[in-house]
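**Q** Line order of the protein sequences matches chains A and B. Here numbering that gives the first Met the number 0 is used: the first residue of the first sequence is 0, the next is one more, and so on. Here numbering that gives the first Met the number 0 is used: the first residue of the second sequence is 0, the next is one more, and so on.
Note that these hints are calculated values from the structure, not bench results. Heads up, some of the hints might be wrong.
To be verified - Simulated restraints on C-beta separations:
#	chain 1	residue 1	chain 2	residue 2	range
1	B	Met129	A	Phe62	16 to 24 angstroms
2	B	Gly160	A	Ser4	23 to 31 angstroms
3	B	Thr99	A	Ile77	51 to 59 angstroms
4	B	Leu127	A	Pro1	43 to 51 angstroms
5	A	Asp94	B	Met129	49 to 57 angstroms
6	B	Arg123	A	Phe62	48 to 56 angstroms
7	B	Gly160	A	Glu92	22 to 30 angstroms
8	A	Lys97	B	Gly116	47 to 55 angstroms
9	B	Tyr28	A	Ile77	51 to 59 angstroms
10	B	Ala112	A	Thr87	50 to 58 angstroms
11	B	Ile96	A	Lys97	35 to 43 angstroms
Stated by the list, open to error - Covered stretches of chain A (in silico footprint by chain B; criterion: 3 or more residues with CB under 8 angstroms from a CB of chain B, positions within the stretch not fixed):
#	region
12	10 to 23
13	32 to 41
14	62 to 70
15	90 to 98
None of these values were measured; they are calculated from a predicted model. We treat Cβ as the ideally placed atom computed from N, Cα and C, and that holds for glycine.
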Amino acid sequence: MPLQSYLALGAVLFAIGVTGVLTRRNALVILMSVEIMLNAVNLTLVSFARSLNSIEGQIFVFFVMAVAAAEVAVGLAIIIAIFRIKQTVKVDEIDSMKG
Amino acid sequence: MAETALFWIFGIGMILSACAVVAHRNAVYSALFLVISFFCVSGLYLIQGAQFVAALQIIVYAGAIMVLIVFVIMLLNLQAEAVEIHKNAFQRTAGLIFGTLLGVLMVGVSLRANEIGPKGEFTREAILAMGNSETLGMAMFTRYVYPFEIVSLILLAAMVGSIVLAKRNL
């Protein structure tokens, strides 16, 4: 398959992730949509690595996965901490800083 | 021939399960559809000859990150979202429109992409000759050993941070 097909696939996946972040109110589903976006970026990186005959793309994907795992752990800890106080995970109802 | 068929199978599966993640009311179903999507992405990596990254995808994403998310969903005992349209109907429509426009724009850009610039030396045959993991390891531990060690610091920071944030009493 040509490079453009893989890039288009990654682009569609990224757009789906963006829609999820903008549309949903559940903080966990927003976190899952961010993971979808990261996967789209990984797919683009691997496609370019294959097309440009490089291994650096795959190394970059390795680092993106490690950072994504760290980010999910911290994000979930934040969600748990907020849930303990507010008893909700809906981002609409976490508005203590609202002017 | 087989690559084209597998590309379409994994690609359509990935897109459809990602749509289900975003659209479903119940967070548990979203998490399970996300696992399916991760498996399809891993299949796409395998088609392109990135076996190490494909295995890492299943181990790290489907095996660790999704397990964490499912645990937290169960821990918080979330109920399925009721469809409260009247509250954020505007946000929902605006988000959908913007997401669609962004998708159309990015697909349009990526379909016109051309690979310019010098090609590296790691052709598919060269990588296959030495093995994908071996090639990645050779590059990682010679040229990119510095970021590799920094990633271990990132993981340490994430570990300490998540324990401190989620503890009941410090």
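**Q** The structure should be examined with respect to each hint, and the outcome stated for every one.
**A** Evaluated hints:
no.: 1; hint: B:Met129 x A:Phe62: 16 to 24 angstroms; in the structure: 21 angstroms, holds
no.: 2; hint: B:Gly160 x A:Ser4: 23 to 31 angstroms; in the structure: 39 angstroms, violated
no.: 3; hint: B:Thr99 x A:Ile77: 51 to 59 angstroms; in the structure: 30 angstroms, violated
no.: 4; hint: B:Leu127 x A:Pro1: 43 to 51 angstroms; in the structure: 20 angstroms, violated
no.: 5; hint: A:Asp94 x B:Met129: 49 to 57 angstroms; in the structure: 55 angstroms, holds
no.: 6; hint: B:Arg123 x A:Phe62: 48 to 56 angstroms; in the structure: 22 angstroms, violated
no.: 7; hint: B:Gly160 x A:Glu92: 22 to 30 angstroms; in the structure: 24 angstroms, holds
no.: 8; hint: A:Lys97 x B:Gly116: 47 to 55 angstroms; in the structure: 48 angstroms, holds
no.: 9; hint: B:Tyr28 x A:Ile77: 51 to 59 angstroms; in the structure: 23 angstroms, violated
no.: 10; hint: B:Ala112 x A:Thr87: 50 to 58 angstroms; in the structure: 43 angstroms, violated
no.: 11; hint: B:Ile96 x A:Lys97: 35 to 43 angstroms; in the structure: 25 angstroms, violated
no.: 12; hint: 10 to 23; in the structure: holds (count 13)
no.: 13; hint: 32 to 41; in the structure: holds (count 5)
no.: 14; hint: 62 to 70; in the structure: holds (count 8)
no.: 15; hint: 90 to 98; in the structure: violated (count 1)
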